[in-house]
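**Q** Chains as they are written, first to last, in the numbering used here: chain S, 1 to 302; chain H, 1 to 408; chain L, 1 to 266.
Lysine to any residue pairs mimicking SDA-like chemistry, simulated, CA-CA at most 25 Å apart: (1) L:K81 to L:I121; (2) H:K31 to S:V67; (3) S:K170 to S:R189; (4) L:K160 to H:D280; (5) H:K26 to S:Y220; (6) L:K239 to L:L224; (7) H:K31 to S:A122; (8) L:K81 to H:Y196; (9) L:K81 to H:P188; (10) H:K6 to H:W57; (11) L:K81 to H:E281; (12) H:K31 to S:S68; (13) L:K160 to H:P385; (14) L:K7 to L:G79; (15) L:K223 to L:R198; (16) H:K223 to S:M231; (17) L:K160 to S:A99; (18) H:K6 to S:S200; (19) L:K160 to H:D267; (20) L:K81 to S:R289; (21) H:K31 to S:Q132; (22) L:K81 to S:L284; (23) S:K173 to S:S161; (24) L:K73 to L:D30; (25) L:K81 to L:R98; (26) L:K7 to L:D230; (27) L:K160 to H:Q386; (28) L:K81 to L:D64; (29) L:K160 to S:P100; (30) H:K26 to S:L120.
If you want the footprint, here are the derived chain H segments under chain L, 3+ residues with CB under 8 Å: (31) 266-272; (32) 285-292.
Think of the hints as simulated: they come from the structure by calculation, not from any bench. For glycine and all other residues, C-beta sits at the position ideal for the given N, C-alpha and C.
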Amino acid sequence: MEYENFLGYFVSGLTRGSIYALIALGYTMVYGIIQLINFAHGEIYMIGAFVALIVSGVLTIYGFSGVSILVLAGLIAIIYAAAYGYTLERIAYRPLRSAPRLSPLISAIGMSLFLQNYVLLAQTPDFLRFPQLIPEIALLQPYAHVVGSAELVILITSALSMIALTLLIKYAKIGKAMRATQQDMIMARLVGIDVDRVISVTFIIGSILAAIGGILVGSYIGQINFYIGFMAGVKAFTAAVLGGIGNIPGAVLGGLVLGLAESLAAGYISSAYEDVFAFGVLVLILILRPSGLLGKAIKPKV
Amino acid sequence: MLSYLKSSLVATVWFVFLSFPFMVVKVNTLKNSVEWRWLNLLWVAIGAFFLSALWRWAMERRHRGGASGESAHADTPKLTLGERILNDRKIYRPLLAVLTAVILLFPFVFDSYQVSIMLLALIFVVLGLGLNITVGLAGLLDLGYVAFFAVGAYSYGLLSFYYDVGFWTALPIGGLVGALFGILLGFPILRLRGDYLAIVTLGFGLIAKIVLENWEEVTNGAKGIANIGRPGLFGLQMDIATTTIYTYYLMIVLVLFTIFVTNRIKDSRIGRAWMALREDEIACVAMGVDMARTKLSAYAFGAFWAGLVGVIFAARNTYINPNSFTFMESAIVLSIVVLGGMGSIVGVIIAALVLILLPEYLRAFADYRMLIFGAVMVLMMIFRPQGLISNVRKTYGPRRSAPEVNRD
Amino acid sequence: MTDQAEKLLEVRELTMDFGGLRAVDSITLDVSKGEIVALIGPNGAGKTTFFNCVTGIYTPTRGDIILNPPGEKSRRINGLKPNRVTTLGMARTFQNIRLFQNMTVLENVMIGRHCRTSTSIIGAVLRTARSRAQERETIDRSYDLLDQVGLLPFADAFAKNLSYGGQRRLEIARAMATEPFLLLLDEPAAGMNPQETRELDSLIMQIRNAGEIAILLIEHDMKLVMNISDRIYVMEYGKKIAHGTPQQIRANPKVIEAYLGEESDA
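With the rest of the complex left out, here is chain S:
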């Protein structure tokens, strides 16, 4: 029993962690390229979840069912999240490319507030019931107390997304351009890389991953509101910092560490303080390793 409890906490920690990792990737990719904390990234996650809910709601009413809803709602949600991510960068960050560091960060906080309240006013301040898009897997029934079907789907989907991202960055042309821009933006521009396009694509990819996270969490938890992006964003950013911001494997590791720490602390100590543990871990790691778990220590250039 003790062992199964632990296994349960462990699986739910991994599940949580892989969602954090999915969102954290967006933070870390953007940070790696333009050194900006995209504070509104959590809102993109929320928008992804909301569009999925709206589309699946409409489709259910018009008589669609099962897998077709999942596919259509998922696809449209991803397209919308990408569009919002792209527009966000164009409006709030691109004009501030050469401004002092604090300016785009404040602009990002402004965008976050704007998007939250936009959804609140256009839709509702209340929690909405999220349709169960992930089907129950019959095979898993006997093990339901350890790993649910939703958890399994989340783990597999996030793993696949991360593998796809790694392959993209490693082998695709745009991935190479992204790495070049991350190394040296001016040099990248000189060798003919369209840096603006690279940045846009980075935001789009990050937004897609966030939307996937949003849809998965929505159907896992079963309800969403306009505010879910804030905490998820903060946690994911914590994960990104934990792993070493700007570092892609770091974001995944940071997400998993954070998810596990929270889940175990909630299980064994107190669930009321799980957020305190999450930030406690962050502060502790930053004191011991100021550039995160996998981040390189940067010597100030003098």
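Place chains H and L on chain S using the hints.
**A** Below, chains H and L alone, put in the same frame as chain S:
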């Protein structure tokens, strides 16, 4: 003109697309019904059409302004209307007199509710001035400033609840406890760079609220603490209306005190060290400034004011609970600092009054308050990053006792 | 023994590794009272890293850095914080100008006075007689230093609006404000035109002569270095390859090959 029309049309189509699921569709998942609000589409289209044209015009103007500003007006930046008013004594003096009169007579003209709202605005003035030290002067981004406000409020709440401590004893204690927390939280983050600082301070702010909510044995959790005493005056019995007015004047004195103290420190050796730290940390340290001390003093001094007005906030409401201390409050105070013009005291005061009073008096506006806050923060950063009133640097008067030989 | 006492800075076998890269490789160097010593070498030779080690921005991997403030006990300053090093009396400028851009020219110099004044928060709020006197002294001294570097007319301008040469001179004035006995200048003439370089030349001499301040400088402008230096150290790939008077260095084949040869190509 034609290119404007074309780009506006493109923007219109794009924003109609973006807002479609949110503005038009409204699903009721319980009743399984859907409402199509087609009319909203029209508003979005009209809004997007004109706003995108305005946006494009403003961006072009910004580019031109930036280019000419570099060369011609390098040393004489164009003054805005607000700055011109502040610089011209003929306008500035009477304006100050009118403002003083309005503030002093306010409680005699308006009812106790209005006075109470004004009181809240003044509390945010002090919060803005306090955060202005940490963010505006020292350049240390703090997204959890509300934690110090909560510390002050709860200091008074708990002291009054458990030990029956009065307002006047609690006031300095609140400030000092705030400063102490500033130092305590400052220590672990001394080594962190700007972006890490943002997330850790945000975390501290959230932790403060979680602890207040869950440490029920001490803080009474989400239920909060009630029956906190209003400020007293030598044991005089006063009705609620009179106490509100009294607290209001007290707050005015405190605002003046804050302005006086922050102004003096800003223009001192310590204030200069804060600014140097903001400008270039490595150069600052290489010039002999102790980074740890300077950073901690900026945190502590900023937090002191939050703790101080936390006490007044608790006394004004006579009731506090953790919900008054969310990230939203931190964001509001930060936008006050940003909109006011980082480092500028007058700017912060104006921004605090506008941001707190406007939603109170324009009820229709209240729902859209945070939406507009957010949009304004973005627009300000893009079009007027120096804030409403940019911080005019002090000059130090003519050179005295100059050895004439060195001059030619 | 007398020779020992006059040495203000003694660096022995200083080594700095970055991961696998040895940026500075057992450099031994000293600067005596009243001297102008130059440290030269091709780009990437490790000169600025050497400065950063000596001034406490980096902690060196190995070696000793000994500072002998006149009239005080000597002290090993490895790993001491930069502000402590400056307070002890060794100040520096930066190769890639690091002024406080959005503060006025005068305020930049006033920051240099920070470690020589002691006004606390309480003193600043109450404006005690002592803090007022200190402030006045800070202002007066800063004006004097600006006069010395020829920036007096720009005292109230923002530092970022100064010309390139002006910014370099402001860096010197700011470092001077900390009352150093040893001044470290990192490429003070970089980006200056010949006229400005000549003025800088006399400014450095004037600083040395007026205040009995020793100077250690990194510089690429050979004319300037040969003109004003008493001794020259030459670095290449982190190692010291030569040391001597300007005449000796000019004649040293190793230096000609490593450094001056490159220069004559250009």
